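> So the protein sequences, as listed, match chains P and Z. Residue 227 in our numbering sits at position 227 of the first sequence, and the numbers go up by one each step. Residue 1236 in our numbering sits at position 236 of the second sequence, and the numbers go up by one each step.
Simulated from the structure, these hints should not be mistaken for lab results. Treat the hints with caution; some may be incorrect.
[Unchecked claim] Some chain P residues flagged as far from chain Z (calculated, every beta-carbon gap over 10 Å):
(1) 89
(2) 98
(3) 110
(4) 133
(5) 170
(6) 178
(7) 186
(8) 196
[Said to hold, decoys possible] Reference listing, derived: stretches of chain P covered by chain Z, where coverage requires no fewer than 3 residues with Cβ under 8 Å from a Cβ of chain Z:
(9) 116 to 129
(10) 229 to 242
(11) 279 to 289
[Stated by the list, open to error] Calculated cross-link-like contacts (lysine-lysine; reagent style BS3-like; alpha-carbon spacing at most 30 Å):
(12) 97/P x 1092/Z
(13) 97/P x 1203/Z
(14) 1051/Z x 1162/Z
Since we're looking at a predicted model, the values are computed, not measured. For each residue, glycine too, the CB sits at the ideal point set by N, CA and C.
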Amino acid sequence: MFTIFGIPGPLLFGQLLLGLINGAFYAMLSLGLAVIFGLLNIINFAHGALFMMGAFVAWMLLNYAGIGYWWALLLAPLIVGAFGLVLERTLISRLYKLDHLYGLLLTFGLALVIEGLFRNEYGSSGMPYQIPSALQGATNLGFMFLPNYRGWVVVAALVVCLATWLLIEKTKLGAMLRAATENAPLVQAFGVNVPRMVTLTYAGGVALAALAGVLAAPIYSVNPNMGSSFINTVFAVVVIGGMGSIIGSVLTGFGLGIIEGLTKVFYPEASATVVFVVMAIVLLTRPAGLFGKAA
Amino acid sequence: MTSSASTTLAAARSSPATVFGYTPVQAVALAVMVALVAFTPSVLYPVFLMKVLCFAMFACAFNLLIGYVGLLSFGHAAFFGMGSYVTAWTAKNWGLSAELAILLGGVTGAGIGVVFGWLAIRRLGIYFAMITLALAQMVYFVCLEAPFTGGEDGIQQVPRAKLLGFISMQSDMAMYWLVAGLFLFFFLLIHRIVHSPFGQVLKAVRENEPRATSLGYRTNDYKLIAFIISSFIAGIAGGTKALVFGIATLTDVHFSMSGEVVLMVLLGGLGTVFGPVVGALVVTAMENYLAQFGAWVTVTQGAIFVVCVLAFRRGIIGEIGARLKLAL
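Isolated chain P, as found in the complex (with noise of 0.2 Å):
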């Protein structure tokens, strides 16, 4: 067996994969939250929910109606997207005009809502959900096993991080929506329908968390409090990085998911307080985050 530093290859790059995950999802998260933030102006404190939300509607459309993983896909962030779209229309569009702690103090209650009926229903233990038949199994890499699931969830990761990217800097639509996120009345008195585009980026925004949602599923085991133990984390990392940009938060996810997974390796006591040592550090040097504009 070969060691790095003194440590075992394969202990090594395995805490290294598990840092890989948990940062696929930080990203995924924490762009989410950004591109709400930029249109919107509120924090979505409900956000760590709706992902829990997108794990249960996959083991539900799974049990309840034999639909398996890769519709669920896509029809998770259908139907929690649409549920986002509601919660955006009936409620959070009225506080636009408020300060925007109340954007917080609403979606926060919303979270507490949402966990709570889902607890009441399923209690807290967790449901597991099976790996899809064509992900089953582990790839030897030759330093080591890669088990194919977790291969493919930092993969489609990658995947649906670029592709808003791409969504948001090179298309018309994309070029709209930052137009509005720096003008709004302007973009709109050029005939723009910026409610709407509004209500839609925020259903973007939580459908992007539910598809985080199904692709954790599998991997941590669906239950009410998934969101909340992943949703402070993900604060921290948006601190971190800032939220001027999307391609900020998307290496501010993954890079702090790795170095979480370096700390287990080689300082476990502090693996879960890493993130929050490194958002400290980022507070003294760069208070506006690492990509964030001076306010």
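Assemble the complex: chain P is given as a structure, and chain Z must be docked to it using the hints.
Relative to chain P, chain Z alone:
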């Protein structure tokens, strides 16, 4: 956050005479509150009332920040929970007397508050909330793993230490008077702070920070001091609760506790004098009665958040005050 607060301010300006910073109506309300604190334990279960008073202290500390400085902290559970751990640990292992153990809890809260505040006041608004939340999450993880907190079990069988080393706190009523005394002391202290020259600068920072800066005030210093005072009182509240129940657990430091105190203050009325107390009473009572229905407590709390934000932003006391055109 300024809409409800500025209405109360406007009302405060229009009312003429004040006694020690209290309007006549507030003085009457204060008298009623003191009377209630003094006489309810003969009617209601004192342990429940002590819980309410501990949370009322916690909520008043939180209101000092959100109501008078305009800072929304989502990490107050860290001060409350660590205060509770330190009080429990020192009372149990060092055999400290009650007042010293509680004081140490408060000092711990303030100590963490120095670090949190120093880091978080670099950013405003939403970022401030996220940073405090994340830092509190870090404290939670530390408590989960550190040996002295007892992990999932918490610190159990904490003795109700003697007050000043010789007054027994074993009976619930003896403990009740201590809790009631602490609550009233900090309630009055917060009012005194808010109405001091220091408190006026805090309000100026809330209303218009650039102008306060241009008048020569170091606004960040003022914010930090307010943050530390708030975290000190939150630590005191947590420590007191640990002595009352003889236990300190992860629940007190968990981020849902931060959410709970936000809920109490929002429901009672942001920036009102009596709102946090009423909010603490309503939320604690609701939890007591709904406890048998499991997660419905969470659902109800969430629903109250949604309703408050959408239709009831002044909160209970703020709404009553606005109807009667009085500052409460």
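> Please settle this one: residue 170/P was flagged as non-interface, so is its CB more than 10 Å from every CB on chain Z?
holds (29 Å)
> Does the claim that residue 178/P lies off the interface hold, with its Cβ farther than 10 Å from every Cβ of chain Z?
holds (20 Å)
> Beyond 10 Å from every Cβ of chain Z: is that where the Cβ of residue 186/P lies?
holds (24 Å)
> Evaluate the condition: distance from the CB of residue 133/P to the nearest CB of chain Z exceeds 10 Å.
holds (35 Å)
> Take a quick look at residue 196/P and tell me if its Cβ sits farther than 10 Å from every Cβ on chain Z, holds or violated.
Nearest chain Z Cβ is 22 Å from residue 196/P, so the label holds.
> Report holds or violated for chain Z covering the segment 116 to 129 of chain P, Cβ cut-off 8 Å, minimum 3 residues.
holds (count 4)
> Residue 89/P: least C-beta distance to chain Z exceeds 10 Å?
holds (13 Å)
> Evaluate the condition: distance from the CB of residue 110/P to the nearest CB of chain Z exceeds 10 Å.
violated (6 Å)
> Between the segment 279 to 289 of chain P and chain Z, see if three or more residues pass the 8 Å beta-carbon test, and mark the coverage as holds or violated.
Our answer is that it holds, as 5 residues pass the Cβ test (under 8 Å) against chain Z, meeting three.
> Are there three or more residues in the segment 229 to 242 of chain P whose C-beta lies closer than 8 Å to some C-beta of chain Z?
holds (count 6)
> Against the 30 Å threshold, does the CA-CA distance of residue 97/P and residue 1092/Z hold or violate the hint?
The given pair, whose Cα atoms are some 52 Å apart, is violated under the 30 Å limit.
> Are residue 97/P and residue 1203/Z close enough, with their CA atoms no more than 30 Å apart?
Status holds; Cα separation ~22 Å.
Violated hints for the displayed structure, listed by number in ascending order: 2, 3, 12.
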